[in-house]
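Trainee: Next come the chains, spelled out residue by residue.
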Amino acid sequence: MSSAPIVEERGLRAWWSRSRRKVVPYVFISPFYILFIVFSVGPLIYALYLSLHRWPGTGPMRHVGLGNYTYLAGDPVFLKSLWNTVYYAIGAFLFILPLALVLALLINSTLVRLKSLFRIGYFLPILTSTVAATLMFLMIFNNQFGLINQGLALLGVPALKWLDEELVKISVLAVAAWRYTGINVLYFLTGLQSIPPDLYEAAQVDGAGTWAQFRYVTIPQLRPIALFVGVVTMIGSFQLFAEPLLLADGGPNDASLTIANYLYRMGFTNAKLGYGSAIGWVLALIIFCLSFIQLYLFGAFRKED
Amino acid sequence: MKRSFTLFTTALLLLSLLMGGGTASAQDDVTLTIWTFGAFFTDLYVGIEDDYKEIAPHVTIVVEEIPYGQLYDNLQGAFVAGVGAPDIADVEQGVISRFLKGEPGLVPLNDLITPYEDDYIMAKTALYAHQGVIYGIDHCLCPVVLYYQHEIFADAGIEMPIATWDEFVEASAALTDQGIAALVLDDRSWGDYYMLLLQSGSPGLFDADGNVIVDSPGNIAVLEWYLDLLESGVAIATGDFHATMGLFAEGKIAAVIGADWYAGSLKNELAEGAGNWRAAPLPAFEEGGSRTSTHGGTAYTITTQSEHPEEAWAFIEFALFNEDNKILEYHVNNLLPPVLSHLDNEALLAPDPYFDNQSVGELFLELAPEVPFQERGPWFNEATTLVANAVFEATQGEKTAGQALKDAADELRRQIDFG
Numbered sequence: 000m001s002s003a004p005i006v007e008e009r010g011l012r013a014w015w016s017r018s019r020r021k022v023v024p025y026v027f028i029s030p031f032y033i034l035f036i037v038f039s040v041g042p043l044i045y046a047l048y049l050s051l052h053r054w055p056g057t058g059p060m061r062h063v064g065l066g067n068y069t070y071l072a073g074d075p076v077f078l079k080s081l082w083n084t085v086y087y088a089i090g091a092f093l094f095i096l097p098l099a100l101v102l103a104l105l106i107n108s109t110l111v112r113l114k115s116l117f118r119i120g121y122f123l124p125i126l127t128s129t130v131a132a133t134l135m136f137l138m139i140f141n142n143q144f145g146l147i148n149q150g151l152a153l154l155g156v157p158a159l160k161w162l163d164e165e166l167v168k169i170s171v172l173a174v175a176a177w178r179y180t181g182i183n184v185l186y187f188l189t190g191l192q193s194i195p196p197d198l199y200e201a202a203q204v205d206g207a208g209t210w211a212q213f214r215y216v217t218i219p220q221l222r223p224i225a226l227f228v229g230v231v232t233m234i235g236s237f238q239l240f241a242e243p244l245l246l247a248d249g250g251p252n253d254a255s256l257t258i259a260n261y262l263y264r265m266g267f268t269n270a271k272l273g274y275g276s277a278i279g280w281v282l283a284l285i286i287f288c289l290s291f292i293q294l295y296l297f298g299a300f301r302k303e304d
Numbered sequence: 000m001k002r003s004f005t006l007f008t009t010a011l012l013l014l015s016l017l018m019g020g021g022t023a024s025a026q027d028d029v030t031l032t033i034w035t036f037g038a039f040f041t042d043l044y045v046g047i048e049d050d051y052k053e054i055a056p057h058v059t060i061v062v063e064e065i066p067y068g069q070l071y072d073n074l075q076g077a078f079v080a081g082v083g084a085p086d087i088a089d090v091e092q093g094v095i096s097r098f099l100k101g102e103p104g105l106v107p108l109n110d111l112i113t114p115y116e117d118d119y120i121m122a123k124t125a126l127y128a129h130q131g132v133i134y135g136i137d138h139c140l141c142p143v144v145l146y147y148q149h150e151i152f153a154d155a156g157i158e159m160p161i162a163t164w165d166e167f168v169e170a171s172a173a174l175t176d177q178g179i180a181a182l183v184l185d186d187r188s189w190g191d192y193y194m195l196l197l198q199s200g201s202p203g204l205f206d207a208d209g210n211v212i213v214d215s216p217g218n219i220a221v222l223e224w225y226l227d228l229l230e231s232g233v234a235i236a237t238g239d240f241h242a243t244m245g246l247f248a249e250g251k252i253a254a255v256i257g258a259d260w261y262a263g264s265l266k267n268e269l270a271e272g273a274g275n276w277r278a279a280p281l282p283a284f285e286e287g288g289s290r291t292s293t294h295g296g297t298a299y300t301i302t303t304q305s306e307h308p309e310e311a312w313a314f315i316e317f318a319l320f321n322e323d324n325k326i327l328e329y330h331v332n333n334l335l336p337p338v339l340s341h342l343d344n345e346a347l348l349a350p351d352p353y354f355d356n357q358s359v360g361e362l363f364l365e366l367a368p369e370v371p372f373q374e375r376g377p378w379f380n381e382a383t384t385l386v387a388n389a390v391f392e393a394t395q396g397e398k399t400a401g402q403a404l405k406d407a408a409d410e411l412r413r414q415i416d417f418g
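Respectively, the protein sequence lines represent chains A and B.
For the first sequence, position 229 matches number 228 in numbering that gives the first Met the number 0, and the numbering has no gaps at all.
For the second sequence, position 258 matches number 257 in numbering that gives the first Met the number 0, and the numbering has no gaps at all.
Incorrect hints may have been included.
To be verified - Straight-line Cα separation of at most 30 Å, DSS-like style, residue types lysine-lysine; simulated pairs:
(1) Lys79(A) / Lys168(A)
(2) Lys52(B) / Lys160(A)
(3) Lys79(A) / Lys266(B)
(4) Lys160(A) / Lys405(B)
(5) Lys405(B) / Lys251(B)
(6) Lys168(A) / Lys266(B)
(7) Lys79(A) / Lys251(B)
(8) Lys79(A) / Lys160(A)
(9) Lys160(A) / Lys398(B)
(10) Lys168(A) / Lys405(B)
(11) Lys160(A) / Lys251(B)
(12) Lys251(B) / Lys266(B)
Claimed, not checked - Just a sample of chain B residues kept apart from chain A, beta carbon distances all over 12 Å, derived:
(13) Val132
(14) His294
(15) Lys405
Stated by the list, open to error - DEER-style ranges, computed between Cβ atoms:
(16) Gly120(A) / His241(B): 40 to 46 Å
(17) Pro66(B) / Ala211(A): 38 to 44 Å
(18) Pro66(B) / Trp210(A): 48 to 54 Å
(19) Phe35(A) / Glu271(B): 53 to 59 Å
(20) Glu345(B) / Ser128(A): 42 to 48 Å
(21) Tyr295(A) / Gly131(B): 58 to 64 Å
(22) Ala349(B) / Pro157(A): 46 to 52 Å
Please keep in mind that the hints were generated in silico from the structure rather than gathered at the bench.
Just so you know, even glycine gets a beta-carbon here, dropped at the ideal spot from N, CA and C.
Please put together the full structure from these sequences, using the hints given.
Mentor: What follows is the structure in structure tokens.
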């Protein structure tokens, strides 16, 4: 009668000594997966469930099927926030990334001295609190007493309303440029410094000038880092939250509101957890699709020859 | 080694169970947790803590100061999770509506405030009520007056106070001619418009049955009048608080409508203006009409998760209805007590050097019974976002007042139908 548990124990021990080498690595990496499942995958699935309901956070949930999504498609404020977000993303690609590349090329060139000083300069904005920086920009952009309008007045240019409907998105982009150009310079610089010097030497031997070297050596060699920077910038642009919120509270008249701001407004301020979750899922799908397209266009799925 | 570790762990567990049991058995000891959002409330609680300990030695007050915004996200999270809420939360009037949806996680306070209804200014419970159930009791009265730079008006030959808005507009022509705006109004928010709306006799953005009245003829008329003030140059919109303060300092703006706490803002931002300022009742919309409004407020609320709601109310009673405590609070945060019997306290009626030795307290005492009622409820956040946009569209000339408010009302009704 008492031999069964002993046999079982022996079996368990035997299994453990057989499998230990396979199991232990998984145990070591399990904290990440456990945290990922509990704090990322779990909420993601729960948000999907919530997005099919209307629920203010207390009381019974009301199942509405795809009702939140169909309402979203015709919600003028959501569509406005979508357009604003796309505007910021386009602005980031047309303004912040080229600026970062030019700065990285300059810093990488032999023309620039005191490189460590520049390194501090481009890394400082990332270390600065978004709130503090945005509040500083709030004063710079002040319509009446702001630094920019004071400077314009010295040049005889009439004051511009930087935080009004027409210009507020440009002001948000300027804050984003100040904050994120530096980190992108760092990425590009890493890419530039990893290009083997012998490629340039070979190009010079073949008679390639500065432009030809840039066109045929630098750009192709930067492709992997450019893909990374592109994807990160796109995701960052679509998740833009603090800058428009602090600079203009998404306004005036929702002119600077991003999808992330609208999600917060609906989910928290207005306690519409179901609708907020639907916005979150649509945002996630947009980011997924755009990342996929970007990866495809950059040839990330192509097999290496 | 393994066995001794197991024994040690078991002993630790037993010890912790015994200690836990010990705490639970001392039933008289109560810890009340309060969530608040600013030093101006924390300082009050810290200031009265010792006195309360003498009255209720078994109660320990734990104040947790959490940044505004984060406090309410945390509170909402606690209600969703069903655990983690404090006993008492200071809920600001601008955020209460989200907590009135579904099954509110706040304790109804009607029965508790009823004994005080002759002394407490009940209009200050309306901000935190839904369908007749009161969920919050305001710290403050927040009556609105006209703060003005008296020398500017005197130099222009304008005698203050002025009885009606029509007379104010007429008299202000003398200032407009000198390039001075008599008043400053917000062109991108709902606050100033809402104050004037309440003063006009409107219950606000909803009627007593919760119907949307954003586009009612009365509300449209007030916005049209508001636009007239801005277009005529009697009022100016600066777009932000610091710009307003700068223009006050330069003498380009003569007056502002604001609540009791606005006096604190003036003293902080324009300390050098001491003696230049006075306060007057708001000019009425018609002869004999209301001369005040209300703006702002923060309520004591008790959460349904509190295990000690009676002790929580006892503490609120002490903080709110003990006159010494309310005077202390006034000195800490410039918020007037919403309790009639406190308003004639000498400390509140004392001449104020900043206001040219005027007793601003006397003015507040006179206006307190006129503080208007209003209707809010669970859709107030949505309503104010839309009304702020409507005010902006109308002041920018993108829409007429009627069209802007009608569009806002239609969208609000659509959002309420959606749920």
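Trainee: Tell me the hint numbers this structure goes against, listed in increasing order.
Mentor: 2, 3, 5, 6, 7, 16, 17
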